[in-house]
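Novice: Listed here are the chains, written in short residue letters.
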Amino acid sequence: MTFYQYIAEGLFFAFVLLVIAGSFITIRARILMHTVMGLAVALLGVAGIYFYLGSMFLTLMQILIYVGAVCIVLIFGIMVGSTPTEIAEKTIKGRKNIFLAVSAAAAAFFLLMISILKTEWVPAAAQVRDFSAERLGESFLYQYCLAFELISVILLIAIVGAIILARGGQENKGEPSS
Amino acid sequence: MEIISTLPPELIRMVFAAIIIISFIFLNAIMMGYLERKIAGHVQRRPGPMEVGFHGILQLVVDGVKLVAKELLIPINVDRTFFRLAPILSFTPVILPLLVIPFSEKLQARDLNLGLLFIVSMTSINVMALLVGGWGSNNKYSMFGAMRAVAQSIAYEIPILLSMLAIILMTNTFSLKEIVGAQQKIWFVLLQPIAFIIYIISGVAETNRAPFDLPEAESELTAGFHTEYSGMGFSLFFLGEYTNMFTVASVATVLFLGGWHGPTLPYGEYLGIVWFFLKVYFLLFFMIMIRWTYPRVRFDQLLNFAWKYLVPFSLANILITAVVVKL
Numbered sequence: 001m002t003f004y005q006y007i008a009e010g011l012f013f014a015f016v017l018l019v020i021a022g023s024f025i026t027i028r029a030r031i032l033m034h035t036v037m038g039l040a041v042a043l044l045g046v047a048g049i050y051f052y053l054g055s056m057f058l059t060l061m062q063i064l065i066y067v068g069a070v071c072i073v074l075i076f077g078i079m080v081g082s083t084p085t086e087i088a089e090k091t092i093k094g095r096k097n098i099f100l101a102v103s104a105a106a107a108a109f110f111l112l113m114i115s116i117l118k119t120e121w122v123p124a125a126a127q128v129r130d131f132s133a134e135r136l137g138e139s140f141l142y143q144y145c146l147a148f149e150l151i152s153v154i155l156l157i158a159i160v161g162a163i164i165l166a167r168g169g170q171e172n173k174g175e176p177s178s
Numbered sequence: 179m180e181i182i183s184t185l186p187p188e189l190i191r192m193v194f195a196a197i198i199i200i201s202f203i204f205l206n207a208i209m210m211g212y213l214e215r216k217i218a219g220h221v222q223r224r225p226g227p228m229e230v231g232f233h234g235i236l237q238l239v240v241d242g243v244k245l246v247a248k249e250l251l252i253p254i255n256v257d258r259t260f261f262r263l264a265p266i267l268s269f270t271p272v273i274l275p276l277l278v279i280p281f282s283e284k285l286q287a288r289d290l291n292l293g294l295l296f297i298v299s300m301t302s303i304n305v306m307a308l309l310v311g312g313w314g315s316n317n318k319y320s321m322f323g324a325m326r327a328v329a330q331s332i333a334y335e336i337p338i339l340l341s342m343l344a345i346i347l348m349t350n351t352f353s354l355k356e357i358v359g360a361q362q363k364i365w366f367v368l369l370q371p372i373a374f375i376i377y378i379i380s381g382v383a384e385t386n387r388a389p390f391d392l393p394e395a396e397s398e399l400t401a402g403f404h405t406e407y408s409g410m411g412f413s414l415f416f417l418g419e420y421t422n423m424f425t426v427a428s429v430a431t432v433l434f435l436g437g438w439h440g441p442t443l444p445y446g447e448y449l450g451i452v453w454f455f456l457k458v459y460f461l462l463f464f465m466i467m468i469r470w471t472y473p474r475v476r477f478d479q480l481l482n483f484a485w486k487y488l489v490p491f492s493l494a495n496i497l498i499t500a501v502v503v504k505l
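As they're listed, the protein sequences go chains L and D.
Each residue of the first sequence is one higher than the one before, starting from 1 at the first, in this note's numbering.
Each residue of the second sequence is one higher than the one before, starting from 179 at the first, in this note's numbering.
No lab work stands behind these hints: they were computed from the structure.
Hints should not be assumed to be uniformly reliable.
Claimed, not checked - Computed cross-link-like contacts, SDA-like style, restricted to lysine to any residue with a CA-CA straight-line distance of at most 20 angstroms: (1) D/K355 x L/M56; (2) D/K216 x D/R469; (3) D/K318 x L/I78; (4) D/K318 x L/I159; (5) D/K486 x L/V160; (6) D/K318 x L/F76; (7) D/K486 x L/A162; (8) D/K363 x D/G446; (9) D/K355 x L/F57; (10) D/K486 x D/A329; (11) D/K318 x D/R258; (12) D/K216 x D/I198; (13) D/K355 x L/E134; (14) D/K318 x D/N255; (15) D/K504 x L/G137; (16) D/K486 x L/I159; (17) D/K216 x D/P473; (18) D/K504 x L/E134; (19) D/K284 x D/T351; (20) D/K216 x D/L205; (21) D/K504 x L/Y142; (22) D/K248 x D/G409; (23) D/K318 x L/L32; (24) D/K318 x L/M79; (25) D/K486 x L/L32; (26) D/K504 x L/E138; (27) D/K486 x L/I163; (28) D/K318 x L/I31; (29) D/K486 x L/R167; (30) D/K486 x L/M56; (31) D/K284 x D/L449; (32) D/K486 x L/L156; (33) D/K504 x L/L141; (34) D/K216 x D/G234; (35) D/K355 x L/A133; (36) D/K355 x D/L443; (37) D/K318 x D/T259.
Working from the sequences, and respecting the hints, build out all of it.
Specialist: What follows is the structure, encoded as structure tokens:
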């Protein structure tokens, strides 16, 4: 193996470790802010895996959107809202919930494993598809144009909905609308 | 040692580039600190630091030694993990953008073809640091500072990106080197004056500097998100802020002021760095002058200005650019 391959292998395991450690923090942390930070770490690890797979564009977008925007909005939500900052021990109640959670997780795990095992994986060297920014942009605007536009409509609906919800609170206090 | 002999030259180059850039960051912070205090002094009709060295030129070195020597206080009620993490988070991501900035035609650590996007995504992590520090300090002032920082940087990130987009539409590339190369004949500040103005305003706001320094407004919030920090913890925030300013100014230079282009020098492909630095420090001087000249805006004014003026103007600018480019 050349030196570059050692680095690449090392980086791959480092990124996987980031994802696993981040997810673990997300699940186990008692303080709500720590969960979000764990999520940020996990998402950074996912960005790293995109980098390992050779798509710089996806890596940067993952960092910009998930770490730089989604996580920050989540933290902002926690800070502004009157959310309890600590998750109390008693929220984990009853055997029934644990059983449901475990079975749901197991079902998801088996579904994923079935699809992973059934797929015929192409070795990286044989992959010729290119995921550069140009290629992605083209496929968004030609091949997947409808889906792309529909997603933007959903986002628009979400924004309008958020504004209506925020305004609704104001109107109840008797302040002038619009 | 078989591995050492197979060390790729590219890797060695990157390590050297990283060392140079990190040392430059500290040098830049010292220079900027000195400049800021001197300019502040002269704006307010007083000499500024005068005691240490010629006209106080060693003042910041002495300050640095003092800050390193100081005890790192950790208040009792803070979230220790977050409190320690925040200065690191604020300092580390600001090193990375400098790796892709072309200081001259041949002086660039790495020419990514998505360079601009790289800078944008790395600087977006910086907000996280303010949030983590502000929340972790467990202090009302810090918390308010952090909340303001987030609202502000979300609001001003959009006009910054939109003004960059106008340049990308014109050059069809994200690579900073190619963007500078496209300005051989005419600087983009002449073709895109509106985008330049929007970029500079939002850039000052992004770096949390006066008149947009709401996150650390001294008169209301003591020191905002870094109220509880002492010694090196505080200095890392400080370094992060100055490096961020440098990044904003260098991106402005690359996008609008023609990067390394200027009157021809011998060894132009290396010495273009002289023109680059002149432009960058002119912009930084301008930002410092703004800070000591204008009063702080109110928070609602700040957000209204971003959402009601900067965003529509930059959208209109993009629309016009797109039409003109297509014609």
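Novice: Are the hints correct? Go through all of them and say.
Specialist: Right, here's what the structure says about each hint:
{"no.": "1", "hint": "D/K355 x L/M56", "in the structure": "17 angstroms, holds"}
{"no.": "2", "hint": "D/K216 x D/R469", "in the structure": "13 angstroms, holds"}
{"no.": "3", "hint": "D/K318 x L/I78", "in the structure": "15 angstroms, holds"}
{"no.": "4", "hint": "D/K318 x L/I159", "in the structure": "30 angstroms, violated"}
{"no.": "5", "hint": "D/K486 x L/V160", "in the structure": "17 angstroms, holds"}
{"no.": "6", "hint": "D/K318 x L/F76", "in the structure": "15 angstroms, holds"}
{"no.": "7", "hint": "D/K486 x L/A162", "in the structure": "18 angstroms, holds"}
{"no.": "8", "hint": "D/K363 x D/G446", "in the structure": "16 angstroms, holds"}
{"no.": "9", "hint": "D/K355 x L/F57", "in the structure": "18 angstroms, holds"}
{"no.": "10", "hint": "D/K486 x D/A329", "in the structure": "15 angstroms, holds"}
{"no.": "11", "hint": "D/K318 x D/R258", "in the structure": "17 angstroms, holds"}
{"no.": "12", "hint": "D/K216 x D/I198", "in the structure": "27 angstroms, violated"}
{"no.": "13", "hint": "D/K355 x L/E134", "in the structure": "18 angstroms, holds"}
{"no.": "14", "hint": "D/K318 x D/N255", "in the structure": "12 angstroms, holds"}
{"no.": "15", "hint": "D/K504 x L/G137", "in the structure": "18 angstroms, holds"}
{"no.": "16", "hint": "D/K486 x L/I159", "in the structure": "16 angstroms, holds"}
{"no.": "17", "hint": "D/K216 x D/P473", "in the structure": "19 angstroms, holds"}
{"no.": "18", "hint": "D/K504 x L/E134", "in the structure": "18 angstroms, holds"}
{"no.": "19", "hint": "D/K284 x D/T351", "in the structure": "19 angstroms, holds"}
{"no.": "20", "hint": "D/K216 x D/L205", "in the structure": "17 angstroms, holds"}
{"no.": "21", "hint": "D/K504 x L/Y142", "in the structure": "19 angstroms, holds"}
{"no.": "22", "hint": "D/K248 x D/G409", "in the structure": "5 angstroms, holds"}
{"no.": "23", "hint": "D/K318 x L/L32", "in the structure": "18 angstroms, holds"}
{"no.": "24", "hint": "D/K318 x L/M79", "in the structure": "11 angstroms, holds"}
{"no.": "25", "hint": "D/K486 x L/L32", "in the structure": "34 angstroms, violated"}
{"no.": "26", "hint": "D/K504 x L/E138", "in the structure": "18 angstroms, holds"}
{"no.": "27", "hint": "D/K486 x L/I163", "in the structure": "16 angstroms, holds"}
{"no.": "28", "hint": "D/K318 x L/I31", "in the structure": "18 angstroms, holds"}
{"no.": "29", "hint": "D/K486 x L/R167", "in the structure": "18 angstroms, holds"}
{"no.": "30", "hint": "D/K486 x L/M56", "in the structure": "34 angstroms, violated"}
{"no.": "31", "hint": "D/K284 x D/L449", "in the structure": "9 angstroms, holds"}
{"no.": "32", "hint": "D/K486 x L/L156", "in the structure": "18 angstroms, holds"}
{"no.": "33", "hint": "D/K504 x L/L141", "in the structure": "17 angstroms, holds"}
{"no.": "34", "hint": "D/K216 x D/G234", "in the structure": "9 angstroms, holds"}
{"no.": "35", "hint": "D/K355 x L/A133", "in the structure": "18 angstroms, holds"}
{"no.": "36", "hint": "D/K355 x D/L443", "in the structure": "19 angstroms, holds"}
{"no.": "37", "hint": "D/K318 x D/T259", "in the structure": "19 angstroms, holds"}
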